[in-house]
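Engineer: In case you want the letters, here they are:
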Amino acid sequence: MFSTKGGVGKSTVTSNFGSVMNLENRKVVSMDCDPNNTLKYHYGLSQNYSEGHALLGLNNSPISSCVHQLSTGEKIIPFGNLTEAELVAYEKKLLEDPYFLKKQIASLQLKDNEILLLDAPSGSSIFTQQVLNAANISVLVMLPDAASYLTLERSLKLINKHCVGKDYIGTMFLVNQVHRNFELNSDVFDMLQYQLQNHIIVEIHQDQAVAESLANGMNILKYAPQSLATEDFIDAAQTLESYLLGN
Amino acid sequence: MNSLSTMKQENSKNNSLIDNLSSQLSIINWSNPLIRIVLLGISSILLYIVISFPLDYKMQFIFGVAFIILSSYISRKFDNRFAVLLVMFMSFIMTMRYFYWRFTTTLEFESSLEAVLGYLLLSAELYGLVIMLLGYFQNSWPYKRESVPLPSDENLWPHVDIFVPTYNEPLSIVKITIVAAKLIDWPEDKLHIYLLDDGNRPEFKKFASELGVNYIARKDNRHAKAGNLNNALKESKSEFVAIFDCDHIPCRSFLQMTMGLFFKDNKLAIVQTPHYFFSPDPIERNLKVHREVPNEGELFYGIVQEGNDLWNASFFCGSCAVLKRKPLEEVGGVAVETVTEDAHTALKISRLGYNLSYLAIPLAAGLATDSLFAHVNQRIRWARGMAQIFRIDNPFFGKGLKFGQRICYSTAMVGFFYGVPRVLFLLAPLAYLLAGLQIYQAFALTVFSFAIPHVVMSQIAGHKIQAQFRHSFWGEIYDTLLSPYVLLPVLVALINPKLGSFNVTKKGGQTSANDYFDLRIATPIIILLGLNIFGLFYGTIHKIVLENGDVYTSLLNLVWVVFNIIILGACVFVALEARELRSTPRVQMTLPAAIYLPNGKTIFCSTTNFSSNGFGLLLPEGCNIPAGSTLSVGIFRGKEESIITAKVKKGGNELGLEIEKISQEDLIKLVNVTFSRADNWAKDWGNNRRASPLASLKELMGHGVVSPKKLLNLRNLNKI
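Protein sequence lines correspond, in order, to chains A and B.
Each step along the first sequence adds one to the number in this note's numbering, with nothing skipped, and position 43 is 43.
Position in the second sequence (from 1) plus 1000 gives the number in this note's numbering.
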């Protein structure tokens, strides 16, 4: 899950996708690739939880030891709390090898039907590039606003540059916070749909229940099962699943 | 030894006789007209013998029962056209036997009063005979016309005007029809929509201009709908005109399915399609049998028009049809001389040698008349109109029509003259029970033996022809209910076609809670019912208990009275109409939907039904919303979402909502998703249970519905 813009809801999408797939008895692992290390909050882990794959990667240790399993069966690999110096060193390591993350993932030895969800940071930094290099499918998360529409071109360029190789299946587009009652929102969404008509595009409606669920430390399915957002997430996750596993 | 060789010799003699005969027969040239006349003569003589052969009542009864059993067997076992013709023929024989006997033995009356009443009854029976025979002719070979694809070059496709005439119907309904018309699949520059508003209403004009359709309002309302259409013809010019009543909502594929026929036949003037209804008409609703028992519309559009189609007489019915402008203008536009301007226009067009076609695929859906008052009113208009046409432009006379067309047009018209005969039937048994008058001079058992095969066989044949579309005895309810009302208008129109005003069919108006009209409608039925009940009791006491008169005759008349009571009882039940609280009929449709709450949260739910101004929502379990709230609702179909602002009229877990605001764009999306989709309607059409005459009789008597023998599709409707 990636985007060049910030605040579009990548982490929310990652965790909710995870819970949908998990409910369907799929083995799901979510991996936080953002130095801000905030994905863990979506899974009920506290600020103090400092373990993560980045430090292990920096020290060339196997990252499988920091995979945290939840009671639901989902697994999460946080980024980890790094000092500034550690972060700089880690970045240097990534710059030296564009496929570092990919190799790290390979070392996890995930089974064939396991799904790994990568939560990338915003922007086009080295962290994002590593994620794109490693992904089989990239999900571009957008908001139906002018900024997303204007940066679409740039995001597509980024994909074309880094999502190469025979392992890459394709791109899915997710428009988050859609609300048909708001004119600009609705119009931009229509434009995005038109622009991306030959691609796979899914929508998640704007719903306060999503933010509330995070605040309550739950995923949306548990918090508000009868909401439209839940329905949207189920739809989108299933679309992603069949796109990924169909190939 | 001797006898054996004799037998052998005789056998060989017989064989050679047969051989001789067949070789002689094969010499004959069968297409020679003389041979055909001889054949006709021989078969006529044979037929006459079979019909007139005198049998005593026991033999006649056995003969009749044998025919009944044989024809039932044939009817059940064989499903092809010849089986239908054979069963028709057998019914014809039994019926002609009845009438031969009737004419030769039952008309020796003892008093002049008896004679008058007796001949009246006979004429009523003869009416039934004429209708039956015409019906057999008309339906002997329904033409199952198929749609024809258009040429692939769109440049060849013609311009089409769509006329939607309206007078006093509410905008909420007309809106939908106009939007659906706009959604018809046809090149935009060749599709011209005209809203013909005889009510001259400003909100209609505004709606038309906002949507981008033409608006025509006349200065006067001369000749009602016909005048309205003719006026529009003057202000438009496309080669073809499609006409929809303002509550007949066309589906997207309407023109795609119909216009191809015009390319195939350039003498084609009219393509008519069925009138399908979303909501039950008053008779169905009152008897709570919607979708279980076929309604009158289905009978007509399912079978009768197909029968008409073979003979090139499937006439225009006022809506859901495409007409070619040139023939229409040649006859001077839509006919204004009668109140059934549609049938009359088609008749005039037929006379000029043009062809008519009927496509038995529902391509538009609409409201049924929504109150008994309106229903009766509409049927009165048709009866009057048909009588007018019969009087001033009789299809049996005048040039331009082929024999088959004359028969079919006449059948349609004469079919509405059942008022007098039916009322006579409802009163006839009382002549004996109340007054001892023998208006039917026969030994009762003989009557049974001739009449029962005649009646039963006609039911069997009728069932074979039109089983899916009409259960045998429901036809009785329809005809009986309307008979007192069509009686006078028909008689008046036949005598002086200019008398009588045009009653507008009221559609979409409220069925009011304090509407005494419906009780008034029941009055003649109640009177007839009362007379029959009285006749039952009086007859039983006076004739059976006190033993005045012949037991068998009394029994026969009492059985007749009981049958009348059952039918009249059902009619009364119909007339005590259930009060309809909603003002508009609905289409059942389940679509995913969501409620957007003011606090930013949402509820995922689904729609239940749609009407022109509202819809129903089914909330998830445990969810409730009170009445009075205003909601923002999104309705989904695929990638499309329409937003509606609606007020909750009925609260709870299943909501009833009234649309307050919907953008034009969203209205178009909504109509596209709901009313424009033909596949929803086509599933129901012609799918009614095929019930045997016995089963429908049981239904009529309220003994519960007999389980169906099989579900039949009239045809593969997946072509849409």
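Bear in mind the hints are in silico, worked out from the structure with no lab data behind them.
Cβ coordinates follow ideal geometry from the N, Cα and C atoms, glycine included.
It is possible that part of the hints are untrue.
To be verified - Here are the simulated lysine-lysine pairs, DSBU-like style, with alpha carbons at most 30 Å apart:
#1 Lys92/A <-> Lys5/A
#2 Lys1669/B <-> Lys1647/B
#3 Lys1402/B <-> Lys1267/B
#4 Lys5/A <-> Lys1601/B
#5 Lys1267/B <-> Lys222/A
#6 Lys92/A <-> Lys166/A
#7 Lys27/A <-> Lys222/A
#8 Lys157/A <-> Lys1402/B
#9 Lys1237/B <-> Lys1326/B
#10 Lys1234/B <-> Lys1267/B
#11 Lys1206/B <-> Lys1601/B
#12 Lys5/A <-> Lys1639/B
#13 Lys1639/B <-> Lys222/A
#14 Lys1206/B <-> Lys1647/B
Stated by the list, open to error - Chain B regions said to be covered by chain A (calculated; three or more residues, Cβ under 8 Å):
#15 1080-1093
#16 1551-1558
To be verified - If you anchor each label on the Cβ, the simulated ranges turn out as follows:
#17 Glu212/A <-> Glu1654/B: 39 to 45 Å
#18 Glu212/A <-> Glu1235/B: 55 to 61 Å
#19 Leu245/A <-> Asn1599/B: 35 to 41 Å
#20 Lys1647/B <-> Tyr99/A: 58 to 64 Å
#21 Glu1235/B <-> Ser186/A: 35 to 41 Å
#22 Glu212/A <-> Gly1638/B: 28 to 34 Å
#23 Glu1188/B <-> Ser71/A: 54 to 60 Å
#24 Gln1588/B <-> Gly217/A: 54 to 60 Å
Engineer: What hints, given by number in increasing order, does this structure fail?
Structural biologist: 5, 8, 11, 15, 16, 17, 24
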